[in-house]
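Asks: Throw the hints in and build the complete structure from the sequences for me.
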Amino acid sequence: MKQTIFLFYGFGSEYVLHGLYKEMKKRKYICLEIDVLAVKDSTKMIQNLRGKQVVFVTSAHFLLNKKNFTEFYPNNNIFYGVLEIIQLIKPIKSVYIPHDLTQPVIDKEIEYLNQFDLFLTPTESFNSVFAEYCRTEEVGWIKLSEHMRKIQFNNSKTAIWLLSDYVLYLKMGKEASFKKLQPVLDQGVSIKFPFWMESESFTQYFKNKGVVVYSPQANSIELIMKHQIIITNGLSSINAESYLMGKTTINIEEGSHYGDSKTYLTELLPDIMFYEKISDFKLADIPILKKSCMLKPFNMKKTIELIMHTL
Amino acid sequence: MKEPSFFKKIIKKYIRPLYRRIINRLLNDLHINEHQRLLHHIVNQGDKLSENQRTLKEKVSVLSLLLSGVYEWTSDNHLLNEQTTEVLYDIFSILHAPPKSPIVIARFLPALEAVSFQNKSVCLIGRNQNLYSKYVKDRGIQSLLRIEMTPFLSSKETHQEWLGEKTHYIYPTHIASFSFPRVDFLFILDEHTASFLIKYHLFHLGAMVKEAIIVMLPVKISTIFSDCKDPAFFLDSNQRINSFNDNYIRSQLHLAGFFHVECIYSEGKNIADNYFDKKITHVSYKNGFSVVKKNQQPRKKNIPDDRISTKIYVANKLPSSQVINPHS
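Protein sequence lines correspond, in order, to chains R and H. Counted the way the numbering used here counts, the first sequence spans residues 29 to 339. Counted the way the numbering used here counts, the second sequence spans residues 786 to 1113.
Worth flagging that the hints you see were computed from the coordinates, not collected in a lab. None of the values given here were measured: they were computed from a predicted structure. A couple of the hints might just be wrong.
Said to hold, decoys possible - Here's a subset of chain H near chain R, in silico, CB distances under 7 Å, partners left out:
hint	residue
1	ARG967
2	GLY991
3	ALA992
4	LYS995
5	PHE1044
6	SER1069
7	TYR1070
8	LYS1071
9	LEU1103
10	PRO1104
11	SER1106
12	ILE1109
What the hints assert, rightly or not - DMTMM-like, lysine to aspartate or glutamate: derived pairs with alpha carbons at most 25 Å apart:
hint	chain 1	residue 1	chain 2	residue 2
13	R	LYS94	R	ASP193
14	R	LYS54	R	GLU226
15	H	LYS984	R	GLU160
16	H	LYS984	R	GLU137
17	R	LYS121	H	GLU996
18	H	LYS995	R	GLU137
19	R	LYS118	H	GLU1047
20	R	LYS94	H	GLU996
All C-beta atoms, glycine included, are put in the ideal place defined by N, C-alpha and C.
Replies: In structure tokens:
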């Protein structure tokens, strides 16, 4: 009898399956983890899986492949897109766990959702939207664990910018980026860059300028718990994460792209505060919301049961 | 300067005034100007009559559909609304066009030999799909769903047993509200039905198809051998959309959620020498679709030919393993 291999697959900061991978490995399952930005050429690893019994678990966008991903985020790594992997290894089961709480399945992707056997939704509200295309089960938000809910935040007015649309700043360069963000950072706001290429050197540069900068690999949910005001930009998942955790959520629009989805954002998260320009932001004027956390923590036991079911 | 000749002087002094006087007299006596005005008026009235005739035809189409119960009247839909009449025209084409002869159908069935239907679920949408139904059953399918768009039953879903299978009879506009189950293959091998559905990105049916859609569509021959980079459709003498270019069909199929599109059959003489039949397109997340394989360069010269060729496209949900190349 063939042994089942569990493949966990994703792209950089959009890979959110490491905790699940560790747990499955702890339970003695044969697991393979591929973060395409950490492996120079992952195509050979995928090719080796052809003809084997594979369960494919991913948090990556379905339509991103080497060609179009590189246009968004320049890099030299060689890898396959999600649909290419499904075609090549023909997994016995495919599971999608989204990395984005704001838009778990983005435009055009919904047409491909039926390629998966199971969609593990972070909140119940997405069930009705996606269940007709694919079996959908609620498992809670993968970035939020039970112990994180007990983290106490500082009583003083603390704010952090969990920066999104990082590629804009990457193209701009460190010095220009610092100048751009300085009006907010000078007000005592800390910052965290997403875990992408060069984010470590950005972190170091900003630290040298005297800014409080968190590691790109730090857990964003823990940082949201520890702060009272969360700043974000664009259509980042942070919008929904912070909002549903009851925090004051600020979205600074300058430089970011929203396509035609800004209305979606305002309808989904009506109390979110938008600032058109970075210079408009005044920390002293921001009220602090006191709402309870509406996000359910990730249910590891249920998730593993669902993945293992019918195997 | 040379003096005008005696003859020219005579013409200028006597003949020309006389000629003008005679012409004026004739124009006046024969009512020429009046006749000219009347003639213009008749021509204008002719144009107006043609326009009225076209409008009347549209009204008759709408009224026939209203009377037959196919189309429901709402205050939002004006009789002369262009979009409405376009849709109604399409519906009429689906309901009234003669079905394809079995010989024509049998001609392209060998093109489907390469596709494996073993233990797959199949849905057929079209008109009089009996031959296809028998064909896919012989190929070892697991389940079959038939959706027929024929006018002889009511507008509500009804069922009829044919060869032991359940058939859903629905009118074209009701396809969007039909509760569509997930299937491996979707066949739309009736050109009129396919032309109607393709304009509306298949009414979201693409999201329900797991493996591939096989669709028959009319393509204008003059576009086949030329570049035709932009998606385009073509109008008939009644200003209705009656055919497409290859890229229009591909773009609509990609927008309906299909990753990989290729043409597997061409009607007529151009099967062996057809650039588009050897073209494969992939959807690109950022830039729409792009050509990933072409065995033959297109002819640059546009051949003026208004004939319409029937083509069959296979649109796959997943990229083909033969063309996956992460280094490209």
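Asks: Would you mind marking each hint as holding or not holding in the structure?
Replies: These are the hints, each one checked on the structure:
1. ARG967: Where the cut-off is 7 Å and the nearest Cβ of chain R is about 6 Å from H:ARG967, the hint holds.
2. GLY991: Interface hint status for H:GLY991: holds (5 Å vs cutoff 7 Å).
3. ALA992: Where the cut-off is 7 Å and the nearest Cβ of chain R is about 5 Å from H:ALA992, the hint holds.
4. LYS995: Where the cut-off is 7 Å and the nearest Cβ of chain R is about 6 Å from H:LYS995, the hint holds.
5. PHE1044: Status holds, d = 6 Å.
6. SER1069: This hint holds: H:SER1069 lies near chain R, its Cβ roughly 6 Å from the closest one there, short of 7 Å.
7. TYR1070: holds, 4 Å
8. LYS1071: holds, 5 Å
9. LEU1103: holds, 4 Å
10. PRO1104: holds, 5 Å
11. SER1106: holds, 5 Å
12. ILE1109: holds, 5 Å
13. R:LYS94 <-> R:ASP193: This hinted pair holds, its Cα atoms lying about 19 Å apart.
14. R:LYS54 <-> R:GLU226: Distance of about 32 Å is beyond 25 Å: violated.
15. H:LYS984 <-> R:GLU160: holds, 24 Å
16. H:LYS984 <-> R:GLU137: At roughly 20 Å apart (the allowed maximum being 25 Å), R:GLU137 and H:LYS984 satisfy the hint.
17. R:LYS121 <-> H:GLU996: Cα-Cα ~16 Å, so holds.
18. H:LYS995 <-> R:GLU137: holds, 14 Å
19. R:LYS118 <-> H:GLU1047: OK: R:LYS118 and H:GLU1047 at ~21 Å, within 25 Å.
20. R:LYS94 <-> H:GLU996: With a Cα-Cα distance of about 23 Å, the restraint between R:LYS94 and H:GLU996 holds, given a limit of 25 Å.
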